[in-house]
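Let the hints inform the model, and build the full structure from the sequences given.
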Amino acid sequence: GFVLDEGTDSRTIKVEFDSEGNITNPKFVVDSIKWFWDNVAKKQDYDCDGIVIKVNDCKIQSSIGTKDHRASEWGIARKWNEEKKVVTTINDVDFQVGTHGAVTPVAKLEPVPCDGVIISNATLNNEKFIKDNKIHVGDELYIVRSGGVIPYVVGNKTAEEMAECTDYTDGCVEFPKCCPECCTPLVKEGEIWKCPNIAHCPAQKEGRIEQWCSKDGMDIAQLGPEMIHDLVEKKLVNDPLDLYVIARDYTPQSLVDVLGIGYGLKKVKKFIENVNASKTRTFDKVLYSLCISGIGKQNAKMIAEKFRSYQNLRNATKEQLIELDGIGEVLANSIIEWFKDNDSDGWYLNGLKEYGLSMEMNVSQSVAQNEQILSGLNIVFSGKSGHWNGDDVEVVLSSYGAKCGHSVSKKTDYLVVGENPGPSKVSKAQLLGVEIIKED
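Residue numbering for the sequence shown is -2 to 437, as defined by my numbering.
One or more hints might be untrue.
Stated by the list, open to error - Distance condition first, Cα-Cα at most 27 Å in a straight line; then the derived DSSO-like pairs of lysine-lysine: (1) 231 x 298; (2) 435 x 400; (3) 105 x 81; (4) 276 x 294; (5) 125 x 298.
In case anyone wonders, no lab produced these hints; they're calculated from the structure.
Structural data, given as structure tokens:
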């Protein structure tokens, strides 16, 4: 059955499945969602932005399985289609340069309440969007929070009103011809204007360093956007490698003297400590942090496990890259181009290695890669490992051939538990008869 959660109460309805697992009476689900909308969502004093539908049977949940560690096949969340639209004036437009050089127009709005928050900025997407909506500074725009989260322009009220007497095209917001950060002439790729000055545009430099320091990257917690801006502006940092140069060459006091007002000894000392601590991050974290277009934290891990070192990855052919699941020609070309443009002679990545960063999988994992003694086994690890940090234990298990998941299902062969394992994983393993073994 399905459960529609209504706070303290729930309404369960019987749903029938055919032999292939398809719902044979989906109208029951649709009718219940409509009932919830009419009788619960519309009548509350607080906003209700959507609904969650789940299979309410553990055995059926197990047979259906999961997509990945964040999503299940047996549950889904959906937002209501109705979006609350407000009207406000556009006072100005900022053009922001992203990590990979894309220039995005952002409307600076007269602050307006919308769906429970105050909206003062909204993206205008690209040049075509501005022209299609005939947007001028001073216009009144329709704004919604797309999906109940992201402020989004859905129309131009002023242009609609002016349509009766004029086409209202003169004086639209103009896209800049040069980068707003470094004045380099922009180039167009599809509908996107980009700054080609990858190496020297300060906005792109700062974006790359921010990704390097992010939690999913090298996790240098003390280094936020303001400090990154100051380090770049004072020419102390040009790329992430310079962070390790600073940590080696500067004392906390000498760095405080250079940075000036706003920087205390305690903050700078912590920054240097965190930079040095980041040297323990695994090769897949380094790979994600390099800001290669198209590489996220998940495929960074897959690529690192496949190629084992930056040297192997640098020498990989397009054919070798697209053998990996989820990597097509576009991403393969992106990886090859990155090495050609950023590290053709190896100085950059060799420099990171010299400063102590993990530019390859460690020796024990490299040996284990040739001993596929766990091949064919589905293993879930839960708890704190006594031997490795974070997700590194999964890298080790995978290097022996195991397929590692983040949730227990009937396909799981073993649940391996460290210190303080998740109680829900343990109870589900017990329910399904999955063997539980301690890490030791």
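Ascending list of hint numbers which this structure does not respect: 1, 5
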